[in-house]
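Just so you know, we're using UniProt numbering here: the sequence shown kicks off at 1 and counts up by one.
Be aware that one or more of the hints could be misleading.
Simulated crosslink set (DSSO-like; lysine-lysine; CA at most 27 Å straight-line) [to be verified]:
1. Lys150 - Lys37
2. Lys150 - Lys48
3. Lys162 - Lys203
Using C-beta positions, here's what the derived DEER-type ranges look like [as the list claims (entries may be wrong)]:
4. Val211 - Tyr29: 24 to 30 Å
5. Ala225 - Gly74: 37 to 43 Å
6. Cys99 - Glu55: 35 to 41 Å
7. Glu55 - Pro101: 29 to 35 Å
8. Ile100 - Lys234: 22 to 28 Å
9. Gly202 - Arg147: 29 to 35 Å
10. Asp72 - Glu213: 35 to 41 Å
11. Glu213 - Ser247: 27 to 33 Å
12. Thr227 - Pro164: 18 to 24 Å
No lab work stands behind these hints: they were computed from the structure.
Backbone N, C-alpha and C fix where the C-beta goes; we use that ideal spot for every residue, glycine too.
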Amino acid sequence: MLMYLKRDAAAKMLIMSPEETVASLFEEYSFYALLHKEVLYPVSYMMKYLRREGEVRDVVSVLEGLHLNQLDLGGVVILPTARQEPIDRCRYMVMYKPCIPNYPVVDAFFFVEGHPHKQRNGEKGADGRVEGEVWRGSNAVGEDARRPKKTIVMVQVTTSDKHPTSTTALVSFQRTIARNFADWNTFSENLRWEMIYVNCPGKGIINERQVCEDADEVNRSADGAMTARKNAAKLWKEIHQWQVTISDSMSKDLALSREEKDKSFISLLINPERAEEKNEE
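Make the full structure from the sequences, and use the hints.
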């Protein structure tokens with residue numbers, strides 16, 4: 001799957017300008033990096049919350065309540081095209097990536113079971129980690145058993161300091177994701193929405209909550225045909241947003257992780273009996 005993505009990225013670069021090539025390379029690298037818990041874990045506590053107008057405190061992300069080993073995404077699934085059969089069901093901790101370049105609003109997304117509970121003291125330490133406990137709610141009993149809590153974490157990679165959207169794009173996204181999954185109507189109940197904007201070091205940095213540019217105009221309209229776009233504008237208000245920069249230290253952690261995994265793989269090739277011993281354990 002990753003080999004397919006690399007070939008696709010290489011093909012696109014042949015017709016790109018230098019600026020577009022840099023953006024494409026960063027997008028593919030960021031996507032690859034986030035698949036590894038050694039990167040996603042520091043991302044989870046280094047993210048900067050982008051407050052809505054009037055908000056005075058940061059909101060907790062569902063990722064902040066997860067430990068290192070819980071942030072290991074279990075692979076990549078390419079989303080089907082409009083002519084293909086939908087995916088049978090939404091799965092947690094799997095990165096879903098579009099196969100088309102013009103997929104609306106997001107570059108990729110994954111689902112996390114549960115919603116975050118508020119942190120104990122609402123503050124972060126100097127290293128960016130939450131001081132106090134952040135944990136997710138249980139889906140075991142009562143109403144949650146019938147309408148389990150879940151969160152969609154959307155990823156948008158950009159080299160710009162702004163990445164606005166529109167109600168038209170949001171409507172397209174809602175219809176497309178519903179077409180991608182056979183169980184979307186039921187799975188999307190009690191769904192919390194999170195967006196992470198991933199920036200490149202040395203390029204534009206997003207510092208403010210990103211807007212839906214035509215939301216006010218759409219909401220003022222009395223046109224009955226605007227219902228879908230009004231619902232899209234309402235959804236955008238509900239989406240919690242964060243920004244993070246893929247730092248040199250994160251890249252180093254990724255490189256070290258890959259080096260250790262490569263060493264282990266080579267070691268098992270040289271000493272296959274070790275693999276048998278591990279299986280017996």
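Quick rundown of the hints versus the structure:
1. Simply put, lysine 150 and lysine 37 have alpha-carbon atoms about 20 Å apart, close enough for the 27 Å limit, and the pair holds.
2. Restraint check for lysine 150 and lysine 48: satisfied, since their Cα atoms lie roughly 22 Å apart, inside the 27 Å limit.
3. Among the hinted pairs, lysine 162 with lysine 203 is consistent with the structure: their alpha-carbon atoms are about 11 Å apart, no more than 27 Å.
4. At roughly 27 Å, the beta-carbon separation of valine 211 and tyrosine 29 lies within the given 24 to 30 Å, and the hint holds.
5. Restraint check, alanine 225 to glycine 74: a C-beta distance of roughly 41 Å satisfies the suggested window 37 to 43 Å.
6. Checked against the hint of 35 to 41 Å, the pair cysteine 99 and glutamate 55 passes, with Cβ atoms roughly 36 Å apart.
7. Look at glutamate 55 against proline 101: about 34 Å separates their beta carbons, and that is inside 29 to 35 Å.
8. With their beta carbons about 26 Å apart, isoleucine 100 and lysine 234 fall inside the hinted range of 22 to 28 Å.
9. Range check, glycine 202 to arginine 147: Cβ separation about 44 Å, and the 29 to 35 Å hint is violated.
10. Restraint check, aspartate 72 to glutamate 213: a C-beta distance of roughly 37 Å satisfies the suggested window 35 to 41 Å.
11. The beta-carbon spacing between glutamate 213 and serine 247, approximately 30 Å, falls within the hinted interval of 27 to 33 Å.
12. Taken as a hint, the range 18 to 24 Å holds for the pair threonine 227 and proline 164, whose Cβ atoms sit roughly 22 Å apart.
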